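Asks: Residue numbers (the numbering used here), protein chains in the order written: chain A, 1 to 358; chain B, 1001 to 1312.
Hints are not guaranteed to be accurate.
Unchecked claim - Facing chain B, from chain A, some residues (calculated, C-beta under 7 Å):
| # | residue |
| --- | --- |
| 1 | L63 |
| 2 | I143 |
| 3 | L144 |
| 4 | A146 |
| 5 | V150 |
| 6 | T155 |
If you are wondering where the hints come from, they were derived from the structure by calculation, not from laboratory data. Predicted, not measured: the structure shown is a model, and the values here were computed from it. Glycine included, every Cβ here is placed at the ideal spot set by N, Cα and C.
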Amino acid sequence: MFGLNRVRFIARDKLSKKRSVGISLLSLLLAFLTSGVMFLFTNVDPVQAYVNLFGAFSNYALLSEAIVRAIPIMFVALGLTIAYKANFISIGGEGQIYVGGIIMTGLVIWQLDSNLIPQAVFIPIAIIMVFFGTGLWGVIPAILKAKVGVNEVLTTLMMNYVAQIFSNFLVIGPWKDPEGHGFPLSKEFPAYARLGLIPGTTINVGILLGVFAALLCYVILSKTKFGFEVKVVGGSYQAARYAGISYTKVVCLGMLMSAGFAGLAGMNILSGVTGKLRPDFSPGYGYTAIIVAWLCNLNPIISIFGSIFFGGLLVGGEVLQASMNISVGVTNVFQALMLIFTLSGEFFKRYKIVWRSD
Amino acid sequence: MEFGTIITTILMLTVQEGSILLFATLGEIFTERSGILNLGLEGMMIIGALTSFTIVYTTGNYLLAVLLAITASLMLSLVHAFASISLRVNQTVSGLAITILGLGLSSFLGRPLALSRARVEPIPAIPIPILKDIPIVGSAFFNQNIIVYLSYILAFLVWFILFKTNFGLNVRSVGENPSMADSLGINVFAIRYISTAVGGALCGLSGALLILGYYPSWYDGITLGRGWIAVALVIFSSWNPLYAIAGAYFFGMMGTLNSTFQSIGFYAIPADFFRMLPYTLTILVLTIFSYTKSKKKFGVPAALGQPYSRES
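Chain A on its own, in the form it takes in the complex:
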């Protein structure tokens, strides 16, 4: 069929750095071209669309906005990196963002009533509570997978819906600000529960935490015994068992961290940007982060830049929606195409194509 029987794939012995980068760039270029064709078919000027989509990187105010969006993406992507390294395919980032937001808002409301936590240490305490609280939420699918063998892709995804619906229920119902004129918003966070801004920008200090978290992740994954165990478990379940590594321990601890980081993303959105709980406060950062984690090759350091790039794309998508009346969904299309082409490109890094002449 299609003369494909003449094609043969031969495994490459080794791949030069230059060729590897070349294939990656070619994959991205193809993603561009494909979405360009899509623009043409829908009567959108592709050049204009790309100028808008990448406009965030040419303009100081937009770049600053891109970094604001990159922070939650970064936290989730770092968490997912840990899970994916252990071959635990969590797609629960989006729900964990909501859980983090719920815990943070609960803490603020409780503090407003009781005033028990000294205001100076409120943020550090909140970080710990959100991290471990959301972490426990993340351990649920890990235990189910390790002890009962429940597919983690499905459990984590279903939990996303549960968390988002519950968060919206709270903000429309019991946690709605009684003095908020009926709007579905929680009470405004007091100043001590907000993250400060870096002077001269709209970027909150969460970016410093994010970069610190990335470095921490890097150290954990490549310099510690736990990081080694994660890699063994991710490589082969059997090998881990022979090496005497507990799958349950590694996966549960890994998911505690993974969800913990994603929870901080939720906290960051509320404390750093919105200042209160809102319905549907995450525009899909948890899903974008999946793509960031894979495209950055599960490397925490590269994920910093990947997150900023995708933060820029999200801002560009909104510019596109405002200026050309195109749905922000276009950024998702572009992201998905980049992922598909890059993954497919991996094949051509491992194999070369040979056309048989007979």
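Please arrange chain B on chain A, whose structure you already have, making use of the hints.
Replies: Relative to the frame of chain A, chain B by itself:
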């Protein structure tokens, strides 16, 4: 409202919602039986839904709408097939990418429809004489549209093809042991391509039924995770099309409890609770199923999710 009427209403909504789930589940069973895991159901379903909506809205032709919905979803499944079968990409990630792609595309292309609040006429129901007069269940099962009737037949057809035909045997052997199937002269790649395409086509039908049957307006993310519930249903049904019928109707009933209780004027439990129910229930049932079956993995195709190449 009279008790019998309430039951009939519940059953009717259950069959409607269940049939949507059933098509996608049957398709994914076919795909997974050949060893390919396609997590792109949600994306393919919404593309099928958007296509059928657009076509009915512009031409008013239901048949064309269904056929093009099937085609569009099938084409998306072929992207997954090419990536996972030919290029041996990680099937989980490739499927996720298909879902994100489908959701994004539908949001991008469907925006004018969402903004215009366009509506279409649902496909008319065709009551089946005599059968529809059976008390209580009659009008629930036999006063539906033609796509729902097709789902009744299709469940048995898929079962028959998979378990009673040579082709089905080939599909299953490719899913169990591709290298042995290959050595017996079965074209592993062709079978996997066809099975993935069948899954895509049925998923498109799912999306078409969603729109043409019951939700005649368009909004972003209209599938609401139904594709994912179908993925879970494949596991509940132990990869068996006949069990899938029961599973789909059960989850169909859970998915419609909210509107059911509203229609009988029961508001004591918050609607959000019912909205969560299909998802929490999926986790619960998955756990129970995995627990009882953890000793003998019944029905799981042995080579599920593993790319095949002749060299290894």
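Asks: Does each hint hold? Answer for all of them.
Replies: Checked hints:
{"no.": "1", "hint": "L63", "result": "24 Å, violated"}
{"no.": "2", "hint": "I143", "result": "10 Å, violated"}
{"no.": "3", "hint": "L144", "result": "6 Å, holds"}
{"no.": "4", "hint": "A146", "result": "11 Å, violated"}
{"no.": "5", "hint": "V150", "result": "5 Å, holds"}
{"no.": "6", "hint": "T155", "result": "5 Å, holds"}
When each numbered hint is compared with the structure, violations occur for hints 1, 2, 4.
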